[in-house]
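Q: What follows is the residue order along each chain.
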Amino acid sequence: MKLSLTIDQVASLTEAVSVEGEAEARSRVLMGIAALADASAEDLSFLANPRYVEELASSRAGAVLVATDHPGKPLAGQVYIRVTKPSYALALVCAAIEARLWPRPAAGIHPTASIDPKARVDATASIGPGCTIMADATIGAHAVLEAQCHIGIGARIGSESWLKPRATVSDYCIVGSRCRLQSGVVIGSDGFGYEPVGERIERIPQIGNVELEDDVEVGANTTLDRARFSRTVIGRGTKIDNLVQIAHNVRIGRQCLIAAQVGVAGSTVMGDGCVLGGQAGVSGHLQLGDRVKLGAQAGLFEDVPADGFMNGTPAMPFGLERRVAVLARRLPDLFKKVDSLAAALDSVRKSAP
Amino acid sequence: MKLSLTIDQVASLTEAVSVEGEAEARSRVLMGIAALADASAEDLSFLANPRYVEELASSRAGAVLVATDHPGKPLAGQVYIRVTKPSYALALVCAAIEARLWPRPAAGIHPTASIDPKARVDATASIGPGCTIMADATIGAHAVLEAQCHIGIGARIGSESWLKPRATVSDYCIVGSRCRLQSGVVIGSDGFGYEPVGERIERIPQIGNVELEDDVEVGANTTLDRARFSRTVIGRGTKIDNLVQIAHNVRIGRQCLIAAQVGVAGSTVMGDGCVLGGQAGVSGHLQLGDRVKLGAQAGLFEDVPADGFMNGTPAMPFGLERRVAVLARRLPDLFKKVDSLAAALDSVRKSAP
Amino acid sequence: MKLSLTIDQVASLTEAVSVEGEAEARSRVLMGIAALADASAEDLSFLANPRYVEELASSRAGAVLVATDHPGKPLAGQVYIRVTKPSYALALVCAAIEARLWPRPAAGIHPTASIDPKARVDATASIGPGCTIMADATIGAHAVLEAQCHIGIGARIGSESWLKPRATVSDYCIVGSRCRLQSGVVIGSDGFGYEPVGERIERIPQIGNVELEDDVEVGANTTLDRARFSRTVIGRGTKIDNLVQIAHNVRIGRQCLIAAQVGVAGSTVMGDGCVLGGQAGVSGHLQLGDRVKLGAQAGLFEDVPADGFMNGTPAMPFGLERRVAVLARRLPDLFKKVDSLAAALDSVRKSAP
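Chains as they are written, first to last, in this note's numbering: chain A, 1 to 353; chain B, 1001 to 1353; chain C, 2001 to 2353.
Bear in mind the hints are in silico, worked out from the structure with no lab data behind them. Given the structure is predicted, the values throughout are model-derived calculations rather than measurements. Keep in mind that the hints are not guaranteed to be accurate.
What the hints assert, rightly or not - Cross-link-like lysine-lysine pairs, in silico, BS3-like; alpha carbons within 27 angstroms at most:
{"no.": "1", "chain 1": "A", "residue 1": "K73", "chain 2": "A", "residue 2": "K85"}
{"no.": "2", "chain 1": "A", "residue 1": "K336", "chain 2": "C", "residue 2": "K2336"}
{"no.": "3", "chain 1": "A", "residue 1": "K350", "chain 2": "C", "residue 2": "K2336"}
{"no.": "4", "chain 1": "B", "residue 1": "K1336", "chain 2": "A", "residue 2": "K336"}
{"no.": "5", "chain 1": "A", "residue 1": "K337", "chain 2": "C", "residue 2": "K2337"}
{"no.": "6", "chain 1": "C", "residue 1": "K2085", "chain 2": "C", "residue 2": "K2073"}
{"no.": "7", "chain 1": "C", "residue 1": "K2337", "chain 2": "A", "residue 2": "K336"}
{"no.": "8", "chain 1": "B", "residue 1": "K1336", "chain 2": "C", "residue 2": "K2073"}
{"no.": "9", "chain 1": "A", "residue 1": "K350", "chain 2": "B", "residue 2": "K1002"}
{"no.": "10", "chain 1": "A", "residue 1": "K337", "chain 2": "C", "residue 2": "K2073"}
{"no.": "11", "chain 1": "C", "residue 1": "K2350", "chain 2": "B", "residue 2": "K1350"}
{"no.": "12", "chain 1": "A", "residue 1": "K336", "chain 2": "B", "residue 2": "K1337"}
{"no.": "13", "chain 1": "A", "residue 1": "K350", "chain 2": "B", "residue 2": "K1337"}
{"no.": "14", "chain 1": "A", "residue 1": "K337", "chain 2": "B", "residue 2": "K1336"}
{"no.": "15", "chain 1": "A", "residue 1": "K350", "chain 2": "C", "residue 2": "K2085"}
The following block holds chain A by itself, in its conformation from the complex (with noise of 0.2 angstroms):
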């Protein structure tokens, strides 16, 4: 995909305060971002941080976003297009690509949809081919349902929400507006729930629910499981990344980010702005405070306050699981330390009288 845009475009969708340049250079067409090592004369490129100077340097991008008080001047052949802050111009542009990207697909219902004549569609909403919608589901205002995706039972997708292909929004969940769910993602799938009945392990019936709040972010194949019974939370504005598992009953907070392939346990509740590392794994029936935050691999099995910073598994205080951590790499050099110690002592005790 091409960017297709003029400096002067760039300029203008990024709100820049000057440009600089040959006249030659500023009439140049861009043709993609790049970041500065990669960029060629036909990309777009940026200094967002002070620590890719030198890269600047020598950066062949025919045009680079800078801040208005970055000291140097373009090289020859090169544009400098002076912003307040390179990062969210660069994401401004971003998201006029995206826009040209992905249109809004037309509202109306894709001929090899099936759709249940009792669910609810709303007439702006965009339900793309071989979609399958059940009985009482409902489909808000604008939202956009591409191809192959599920909606169960009764379930409900608030308005703008934007589902990518194959996403599965089982019976009797509730998906808020403008959250938006990747491919493969299932929301309501059965919690593990098994109870030992003499020989045999008896399935515990779960008649739950999956709610996600509004401004929701899920990622591909994620799957959300539906409560025992009440309901599996996911807060206001919390995005949730790929291949990540939430068990039955879990509550997370508003604006909590979660990285890829994070598993949390069943009853486990989370308060808002918690953030935790990819892989990491949260024990179930555990209370997490607001803003805890857990590093990339690490095991939780203890209540964490708020604004804990836990590490290692089991998980431990960060600063502490840093100087563990450390020390383990040094065991070779002290079990060398204490046998010499005590040959040492032994002589001392030897040559005692």
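Following the hints, position chains B and C against chain A.
A: For chains B and C alone, kept in the frame of chain A given last:
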């Protein structure tokens, strides 16, 4: 979803021994199920664990399932429904609700399903919208395939098995009777088998299948690889949670419980009644006896005899791992102590004659 | 599925040097392939690893692929098929079976597939039931899309690539030639990019794509995120197992092997021939040289030069990690030893004059 059950109906469902409370309270219609701390006057709650006796004292639940020998009395406006085992009574109520929420779909094939003429679908089976069933596949009596399931060439689905939307059973795989597959399950993906041939990595053909014995349940987006040759086997009654990976030629025994995000590498053989904690990993070509337990996030690299309980990475016996984990947190102290011992010894030696 | 191959047919397929055994045994039809210990008189088995010589002595296999220089003789009623390399000979038999189990589907588009009029599908490609192919997508010569695959806007599938049921290649992504995608794969989900803006977390548009070079294979339910801008790249010949997460802007070299449930965070760059063990995690913005190895469940947080082998969390060089792991199990002894040293030193000091 609403309970809409009178207290008499709940008492009848749960085979209650007695009901206590004022007449007005007893005429109430219950609308939901909730934990003691969360329940309102319209909710049914329960005391299954003595740990929650204090919550019962202040619970606003309209009705509570309590054991026959529970010494307390209902609060004003509250009802006690006395039963022999409250957790089992609750499960009976939930099962009644479940049957109402998920009535067995009518037998027959949805017009949007695509069934190969050479497939055999039992007349009592229910095939949902968008399903694809390939040549020589067999769907047993009273089986339910919800929307968008895929059944490959020559695959077999046993009687009364229930596949949630978008479950995939690939070519030649076998699913027993009364199995339950959650959305996004993939049964029969290729095993990960490659061999370096000069500069290239060549695929080793994977011509075996996967066989699920009766009463197996598999969680959302879990993947079970087909065998290189012969079979990957999941034993009768075993339950597997979401996002689990079972590699080619693995054999899992009966009545095992495998929590979310576990991975089991190729050709490992596991006995009956094993329990694997969330995110645990089991290396390939291992032998695990009956009733082996593995802690959450553990990484197992060795055989384990029957009744072994392993934890940590690399996994060691649970008791040892617990001691090591506690001592690891004390490493900063140990290093300091050894340093001061060395200094003290040094001073003893210097002061020696 | 049955082999149904005579011993002569197997000998011919494997370019056997000689066949040994009684005439009656040699007229047998082989029905399956099994390991030496499991094989019956109707099975073909093999001795590829000298470790299993003892199992050969008591194997009931009807025929065994053995090396030309294997010193033994077949048991009564058994046949030896002597070949130069038994493991390769077995792969030849398996490949013949595979071709029979999975004949290339006929070219053409299934009537239930939904193809946008602006998509270009090569006349030799095979498009299965329920597939959805969006505008401007391109499907190359002899490509196979099994049931329910989804190909997004402007996406490209190279010639002879084979997509198993329910593979998803999202908008603008590129799949090379001879690639193989297992069921549930999601190629081109949004990268996980967010920025706090006041109280809210704002999504950073993800406008890049994913590019799979030729001969790449991707396992079931694996997710590959599209780049923030530019490309996420999987190099030629690389094989990725099930449930793996590759984040935005990652670049993986050629001929790498990535085992199940691995996660690689954003912008990490990996050389050729790397091997990542199951459930390993690689942090973001790292540089890994060629042929780097990472152990199962390891967590890597630093750059690794070519040929490095890292293990543990946080990952350290393999040899060091092995020593640390052994010593960690001896921590209980070490703590005791240090305590008794302290006591002994104390008594020395007290007894000093």
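Q: K337 of chain A and K1336 of chain B were given as a pair; does the straight-line alpha-carbon distance stay at or below 27 angstroms?
A: holds, 12 angstroms
Q: Are the Cα positions of K337 of chain A and K2073 of chain C separated by 27 angstroms at most?
A: The hint is violated at about 58 angstroms.
Q: Taking only the CA atoms, is the gap from K2350 of chain C to K1350 of chain B under or equal to 27 angstroms?
A: holds, 16 angstroms
Q: Given the hint that K1336 of chain B pairs with K2073 of chain C, does the C-alpha gap stay at or below 27 angstroms?
A: violated, 66 angstroms
Q: K1336 of chain B and K336 of chain A: Cα distance at most 27 angstroms?
A: holds, 15 angstroms
Q: Starting from K350 of chain A, check that the Cα of K1337 of chain B is at most 27 angstroms away, please.
A: Holds. K350 of chain A to K1337 of chain B sits at ~24 angstroms (cutoff 27 angstroms).
Q: Against the 27 angstroms threshold, does the CA-CA distance of K350 of chain A and K1002 of chain B hold or violate the hint?
A: Answer violated: K350 of chain A to K1002 of chain B is near 83 angstroms, above 27 angstroms.
Q: Given the hinted pair K350 of chain A and K2085 of chain C, is their alpha-carbon gap at most 27 angstroms?
A: Violated, at roughly 65 angstroms.
Q: For the pair supplied as a hint, K2337 of chain C and K336 of chain A, confirm whether the alpha-carbon distance does not exceed 27 angstroms.
A: holds, 12 angstroms
Q: Take the C-alpha atoms of K336 of chain A and K2336 of chain C, compute the straight-line distance between them, and say whether it is at most 27 angstroms.
A: Given that 27 angstroms is the threshold and the Cα spacing comes to 15 angstroms, the pair holds.
Q: Just to be careful, I want the Cα atoms of K336 of chain A and K1337 of chain B compared with a cutoff of 27 angstroms; is the pair within it?
A: holds, 15 angstroms
Q: Has the given pair, K2085 of chain C with K2073 of chain C, been kept, meaning a C-alpha gap of at most 27 angstroms?
A: holds, 17 angstroms
Of the numbered hints stated above, those contradicted by the structure are hints 8, 9, 10 and 15, listed in ascending order.
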